[in-house]
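Residue numbers (this note's numbering), protein chains in the order written: chain W, 9 to 357; chain Y, 298 to 855; chain G, 4 to 334.
These are calculated hints, taken from the structure and not from any lab test. In this text, all values refer to a predicted model and were calculated from it rather than measured experimentally. Just so it is clear, CB atoms sit at the ideal spot from N, CA and C, and this is done for glycine as well. Fair warning: there could be bad hints in the mix.
Unchecked claim - Below, simulated DSBU-like cross-link-like pairs (lysine-lysine); rule was C-alpha separation at most 30 Å, straight line: (1) G:111 - G:183; (2) W:295 - W:177; (3) W:277 - Y:342; (4) W:353 - W:128; (5) W:353 - Y:342; (6) G:109 - G:131.
As the list claims (entries may be wrong) - A few chain W residues that don't get close to chain Y, going by computed Cβ distances all over 10 Å: (7) 55; (8) 118; (9) 127; (10) 255; (11) 256; (12) 331.
To be verified - Simulated restraints on C-beta separations: (13) W:93 - Y:331: 18 to 28 Å; (14) Y:491 - G:10: 39 to 49 Å; (15) Y:713 - W:334: 37 to 47 Å; (16) Y:566 - G:299: 16 to 26 Å.
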Amino acid sequence: MDMTSVQRPALNCITRLVTGVFVGAALLLAVPGISQAGKITVYTSYEEDELAAFLEAMSKDLPDVEVDVLRLSTGDLRARMLAEADNPKHDVIWGWAATSMVDPRILEMLEPYSPADIDKVPARFRDKDGYWFATTGYMGAFCVNNEEMSKDNLAIPSSWQDLIKPEYKGKLVMPNPASSGTGYLHVASILQMMGEEDGWAYLDELDKNMDQYIKSGSKPCNAASAGENAIGISFALRAIKNIDEGYPITMVIPSEGAGHELEANALMKTSQNKEDAKKFLDWSVSKGAEAEYNKWKSIVTMQGRDMPEKFKNAGLPDDISTVLFEVDYAWAAENRDRIITEWQKRYEK
Amino acid sequence: MSVLSSKARASALPDSDRLFGVFTVGATGLLLVTFVLVPLWAILKNSFVTPEGIGLDNFVRYFTDARFVTVVGNTFEVGISVTLTTLVLAYGFAYAVQRTCMPFKGVLRIIALLPVFSPSLVQALGLQFLLGRNGFVNRTFGTEIDIYGFWGIFISDTVYAFPHAFLILSTALAVADARLYESAESLGAGPWRIFRTVTLPGTRYGIASAAFVVFTIVITDFGNPVVIGGNYSVLAVEIYNQVSGQANFAMGAVIGVLLLLPAALAVTGEKWIARRQFASLTSQSVPLVPRPNPARDAAWFAYSVLVALAILSLVAIVIYASFVRLWPYNLSLSLRHYQFDVQNGIQPLWTSISVAILTALLAIVFVTGAAYANHAFPMRANRILYFLAILPAAVPGMVLGLGYILAFNTPGQPVYWIYDTILIIAVCNVYHYHAQGFLLATTNIKQISSTFDEASATLGATKLRTVWRVTLPMIWPTVLAVGVFFFMRAMVTLSAVIFLITPSTQLAAVSVLYLDDRGALNQAAAFAVCIMATVVAFLVLTQLALRLAGIRGVNLVR
Amino acid sequence: MFLSLRGVTKRFGSVLAVDHVDLDLSEGEFVCFLGPSGCGKTTLLRLVAGLETLDEGEILLEGTDLSGLPARKRNFGVVFQSYSLFPNLSVARNIAYGLECRKWEKEKIKARVGEMLDLVHLGQHAEKHPHELSGGMQQRVALARALAPEPAVLLLDEPLSALDAKVRESLRGEISELQKRLGITTIMVTHDQDEAMEMADRIVAMNRGRIEQVGTAEELYWEPATRFVGEFIGRINMLNSPQLRAGFDGSAGEAALAIRPEHVVLSEGGAHSGKVRKVAFLGNTMRLGVEAGGQEIEIEVHGRRRRMNVGDTVTFDLPVDRVRRLAVSSQ
């Protein structure tokens, strides 16, 4: 350290820095943070790319409503909303997991609202008291890496039952239900599909083939895409996007039926600008929104959709209701703690 | 006699030094309580909330869970092994930088810090690209290395913790009294003996601080274990599972409380170490200037290059991946990933830079201020102050971020006015990384002999004058290094700030997270490269500005 | 009295560093605190300077109690063993530091700095930084810096021990001369008896936190009050063997009997005899180590003598008026 030759300029530097702090702080205070009329804040878990497309369409349809969007993953967003419960910052929740929406602590913050066109959304995709409605959703699917399969001369699995075949030992990866909504979706739908007893027996078998339980829902498909694992239990949209990116994978919708999750919308009781918030929610079931959903989502709850080409290429049937297993969301939410505790006891080391 | 009159005044008014001391310690304490303790309590109090009311049921339930022993065991296994490895590697690297005449020190320094200014997500990505099942090594050499699990966490956390340890150890090794070395040498002590009897004891405080920092940040880090940890469970991931996965704040808080225990232990340890620390820079000491020694320098250079290459390879592969079409299947070069199709494009990068500069400035004032207050005013309150100052190292970012919401998102709250601005993000960064900056500054301050203060006092100077005229001019390179450290952290940190960003204050690191979330790994890599380039550019510009101001021989990175 | 210490006591934890010290200094006096390391002399100086706080007792300057007055308000000049020049300030700015603290006018500061620089013969080094100066020069700057604000008392904490022998020698003279010229009351801490004896008007011999004896160099040498003082200042033989002690009082069991080597008289047919074990020729002086009565005794002989060899037998006397009775320690 050379302490001698640097003193005077150094002091000037420090003086300037200190001054800078206060000037900076003063400038910052000028930054407005609170929402104003004509402006709403929306919390969502839609992924960045689809979000950008939806917002573009929205700004054309609703030019006089300014929408600020904050995107976080389902779990992080829930943690943030629960923490902010005393003074929520947002007006609308948009495209957020229905299984999380039914958390009583979240429901408490909502105000029932049904857009004029709500009838386009079948009743089974809406809360019976009108607290939320789902316009889109995603379904479970396997991502299977073609290269890894051919390397070991393995057949591409087509069903849940296939996955427990001994030749897939160590090839599988799925999200950990304790940390991932997608993971829980899979476990819950298996338990509902097979009944609890057979379901757990099946999961025991599945565990024998499992390489690891990854912490997030989209990671298994990414791992399969990158060839880190051969088969990733994930969801369809991720598979479709990765195929589109160019990864050598095949999307498999299990023949027993795919579990699925709905992405729901709701109005906050505490919204300071309900008028615009409602306009936004009205838009979320409009024709314009639907057109965009159709381009991006594997499940669109509104009737009569046109499937985009890349979805068909990835292997999604025209009528997805043929492959969907109808999940009981209420049951899944109510039994969450019990099922995860049991799951951790069995499979977490 | 002038003594008499001043004596009379002294008894009538409180002494200005005492006022200054009380003010500094008080202000530091108030800030730490406000921005560390209050938010922590806001979330950790949930650990006592049970369906049956207030109680310890949550703790009992967690401690009696069979998995508890395994998870705690894993956490300690990772914590201890990474701490030991990192200390040895970083000490060697810092030694080579500070005590030898090897070439390219400047470049090597920056490389050592790369992991601090690349988003941790990218590091894990790099590790996967490099050592994953389908990674570069396995594909190239046909090996079947499987890093998921302990080894994945071990490697990625070692890389992650390396710069933190390097910064503190480098500061500790930067100052030395040449006379000690000369006398040891003249007594016939060999290099190893000198190292053991002079170098090591002289840097004891730095080593202890580095050990504490590494251990706590490793056991509280969840970014790496989440990506690369496989089925190997550690406590920090448990928090993530509870809070983000299951929205169970109560159990998350229980684990959060557990993670605070090592910090409490460290406070006791510090007292013990500090008693044995001596000021190695006394006013008559002769600064140690390493002399060229070709054989030794070459050996240390080889070592440093090896370490640097290891770090660099993780980053380089990410940079490479950002330029190829589709890693690892289509390796033809392309710039397409640099067209970011995220919501706000490249805009968050500018926000990040503002936040980072603000963070650095606040840290320079408040973190070095805290280190000074704690050192210069021996008061009873200082043990508490020290504890609060290093406590944040033991707090997972997620816990701190949620704590900030719970504590400050209430209109009428005294600091509510900074909520929703980038100021609260900067403040959160300052206190999230408070321990590292505080220990960095303290390590340096402790090495400066107290006789300067005493000489100044006997000449009639107030403490304030002493700080301004004597202390600051001696430690300002470290003060600057603290600012640089916070700047780099602020550019990439995620875990706490994702709870504080607003639609108008989006950050670059969050964009990387978005891109990674949606599987656009190459684009995530490209965005991360932009962040790293920004930081490097910032470092270069600052260094240039110093040069232009006529200041030479000062390293932004100690 | 100008400066008075009354029952001054300082503890560090359970260690009693300074134990009820009483001492009076008159104005213009040069006093040395002398003792081995750890005897409390530096702590005592720091208590006077206000760098440590008293546990008990009081320190009075012209009758006014200084306790509670912080160091910076005492107006005492302090010179540290480790120079403690501010490395970031030039020599002139170092000297001006105390004056700036006292808000002197610019012109007055400039004049005073020049004056001080001349006083320590460093006029041409005013704009240099401390690291560009030798150790001796740095210590002279430190002295000038301490003296510049016209302190009431000058406190020197081992000011010479970090310097090499030659420089030390010349600075001793310089400090003494300055002190006499300015007539400033001075306390110097040292562990070097030569330094203390050469420079001080009075020496305060300290051991284990207490004052063993206060007096001039002569008093301490010729009439040491305690065994510690006798042994610490100069060389001395403790008479342990009953044969050597014979003839000095019947009560000889308790008091320590001692004699300086130069007071032992070699003589043909002396009362005691012994065998020469060591011979050291030091020019004008020859130092013998003689084994007598079961102990070794050191004898110094001056002037030219016949050569002694190891193994020779010698006889010697212990003159009664030269054997001193020493207290084990001061009470």
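Hint check:
no.: 1; hint: G:111 - G:183; result: holds (24 Å)
no.: 2; hint: W:295 - W:177; result: violated (47 Å)
no.: 3; hint: W:277 - Y:342; result: holds (27 Å)
no.: 4; hint: W:353 - W:128; result: violated (43 Å)
no.: 5; hint: W:353 - Y:342; result: holds (27 Å)
no.: 6; hint: G:109 - G:131; result: holds (20 Å)
no.: 7; hint: 55; result: violated (4 Å)
no.: 8; hint: 118; result: holds (16 Å)
no.: 9; hint: 127; result: holds (32 Å)
no.: 10; hint: 255; result: violated (7 Å)
no.: 11; hint: 256; result: violated (6 Å)
no.: 12; hint: 331; result: holds (22 Å)
no.: 13; hint: W:93 - Y:331: 18 to 28 Å; result: holds (22 Å)
no.: 14; hint: Y:491 - G:10: 39 to 49 Å; result: holds (47 Å)
no.: 15; hint: Y:713 - W:334: 37 to 47 Å; result: holds (46 Å)
no.: 16; hint: Y:566 - G:299: 16 to 26 Å; result: violated (51 Å)
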